[in-house]
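Residue numbers (numbering that gives the first Met the number 0), protein chains in the order written: chain A, 0 to 140; chain B, 0 to 140; chain C, 0 to 140; chain D, 0 to 140.
There could be a bad hint or two in this list.
Pairs involving identical chains hold if they fit within one copy or between any two copies, as the list cannot separate such chains.
Under the rule of at most 27 Å between Cα atoms (straight-line distance), these lysine-lysine pairs were calculated in the DSS-like manner [what the hints assert, rightly or not]:
id, residue 1, residue 2
1, Lys109, Lys8
2, Lys98, Lys86
3, Lys91, Lys8
4, Lys98, Lys8
5, Lys91, Lys109
No lab work stands behind these hints, which were simulated from the structure alone. These figures come from a predicted structure and were not determined experimentally.
There are 4 protein chains.
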Amino acid sequence: MHRNIVERKIMWGDLDPLGIVFYPRFYEWIDACGHLFFESIGLTLGDLWRDRNIMFGLAETSCRYFRPGRYHQEIRITTSINGLEEKTVQLKHTIRESKGDALLVEAMEKRICLDVSDQENLRAIEIPRDIREVLRAGIGT
Amino acid sequence: MHRNIVERKIMWGDLDPLGIVFYPRFYEWIDACGHLFFESIGLTLGDLWRDRNIMFGLAETSCRYFRPGRYHQEIRITTSINGLEEKTVQLKHTIRESKGDALLVEAMEKRICLDVSDQENLRAIEIPRDIREVLRAGIGT
Amino acid sequence: MHRNIVERKIMWGDLDPLGIVFYPRFYEWIDACGHLFFESIGLTLGDLWRDRNIMFGLAETSCRYFRPGRYHQEIRITTSINGLEEKTVQLKHTIRESKGDALLVEAMEKRICLDVSDQENLRAIEIPRDIREVLRAGIGT
Amino acid sequence: MHRNIVERKIMWGDLDPLGIVFYPRFYEWIDACGHLFFESIGLTLGDLWRDRNIMFGLAETSCRYFRPGRYHQEIRITTSINGLEEKTVQLKHTIRESKGDALLVEAMEKRICLDVSDQENLRAIEIPRDIREVLRAGIGT
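Please model the complete structure; the sequences and the hints are all you need to start from.
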């Protein structure tokens with residue numbers, strides 16, 4: 000299975016008054032890691048949009064929180080595909096402490112293939128065959 | 000069933016390059032609406048923390064996206080309790096277009112009662128009886 | 000002088016570990032209030048973009064911080080024009096406590112008129128005469 | 000002069016509907032780079048707070064914008080001290096394209112030394128002598 004790994008450091012502005020990560024920040028990071036995952040398998044979403052009027056929008060997202068993230072903690076976000084259907088691809092993200100590997104968050108993004116040629120009217124479409132091949136290869140064996 | 004309703008307007012900075020809401024913003028709004036819901040039933044989380052060292056942290060969150068949100072659209076976020084267990088309370092949020100009532104997002108936050116007297120070591124606890132009563136009343140009949 | 004006033008409540012997610020507003024949030028709010036100010040004088044930036052390929056981008060922004068903002072505090076953001084040049088318009092924003100009127104933040108946004116017909120190459124232009132008239136009227140007398 | 004350098008990649012969620020960085024994101028990054036700068040000279044703000052009830056809050060911030068930031072562009076943020084007074088230290092940040100070195104943003108943060116032992120009543124104080132020495136060394140020669 001192909002995995003893409005991103006390391007980052009939790010910053011002051013990511014924290015809430017308890018001194019732990021304000022949870023929407025986790026979603027900002029996994030969204031970014033989704034884009035980086037796609038790029039790592041050869042699908043740059045920015046190019047897909049510009050060249051073919053295709054984007055992968057969100058159908059569903061979720062997170063389960065196991066441990067809080069804290070000031071200047073180093074974390075490691077690992078992304079992989081764990082589902083591929085006609086119109087959707089599902090990403091799984093785990094966020095762990097870089098040092099010690101403790102699990103902070105398990106997350107899921109279900110992304111749906113969109114024809115965005117008319118921005119006022121985004122339309123779900125089947126994932127084109129060539130893109131599906133790249134995604135399938137991205138699942139690995 | 001008690002519901003708390005918040006109206007807001009989608010702003011430029013909430014949007015992504017497709018001109019639709021960047022999904023972590025929805026989580027920022029429902030987190031805020033969770034706090035406002037608690038306040039509407041007489042539980043101000045800021046006071047709970049200061050007076051009793053109790054907070055409701057997040058165990059799990061999720062969103063399903065039905066329609067995109069767009070520039071200067073007015074939306075209505077409705078929050079209610081749809082689950083109450085020993086240590087957790089679950090909030091349901093729906094985000095609809097104010098005009099026309101079309102559904103944009105359905106969201107869930109599962110919040111867990113925490114003893115935060117030692118900020119370095121947050122500890123899940125049973126929801127104290129008096130707070131449980133307020134939450135139960137907040138479910139309504 | 001025309002002023003546009005927006006009331007909002009400071010939320011949990013706006014706060015840093017000290018329990019005070021994380022300062023980039025102030026910029027998010029004044030950006031939003033800039034858009035609302037323009038709308039209040041009859042210039043909806045979203046329409047300007049769609050209809051005429053014009054946007055007001057940022058040349059410069061600044062904030063001075065006088066008092067921190069805190070949990071569930073009600074604030075009032077007042078926006079007005081305090082400068083108009085060939086290519087730029089300058090907005091002044093003040094953020095005050097709604098109750099008691101204490102000053103929290105004074106902010107400035109210098110916005111520059113852009114031709115965005117080629118998104119890869121945004122180009123500063125003179126503010127078109129009719130828009131300048133609307134802005135001038137928005138300064139008031 | 001001591002400089003601290005941080006590289007980052009502009010992500011989808013940092014962008015506005017024009018496909019360029021929404022400007023409050025720049026402030027989030029320079030705030031983070033301020034903390035990393037302090038850490039690079041041996042002042043970890045998190046420790047200062049915990050051990051000595053001291054923080055460096057914001058008195059003033061500003062940015063000038065020269066070029067927009069775009070999707071998956073690599074940028075380099077360089078931070079240094081460019082002012083030190085009794086109670087305040089001023090940081091200068093420049094944001095440049097990593098490839099080609101073009102200037103995107105010039106930013107300033109004026110930070111004021113705070114006694115935060117009473118969180119309800121933050122109090123500006125003179126920068127303690129030992130911390131001033133570290134900052135002075137951080138200016139370099």
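Results for each hint:
For the identical chains of this complex, Lys109 and Lys8 are neighbours both inside a copy (26 Å) and across copies (24 Å), given an alpha-carbon limit of 27 Å. For the homomeric pair Lys98 and Lys86, neither the shortest alpha-carbon distance inside one copy (38 Å) nor that between copies (30 Å) is at most 27 Å. In this assembly of identical chains, the alpha carbons of Lys91 and Lys8 lie at most 27 Å apart whether taken from the same copy (20 Å) or from different copies (22 Å). With identical chains, the CA atoms of Lys98 and Lys8 are at most 27 Å apart both within one copy (12 Å) and between copies (23 Å).
Taking identical chains as interchangeable, the C-alpha atoms of Lys91 and Lys109 lie at most 27 Å apart whether they share a chain (9 Å) or sit on different chains (20 Å).
Hint 2 from the list above is the single one not met by this structure.
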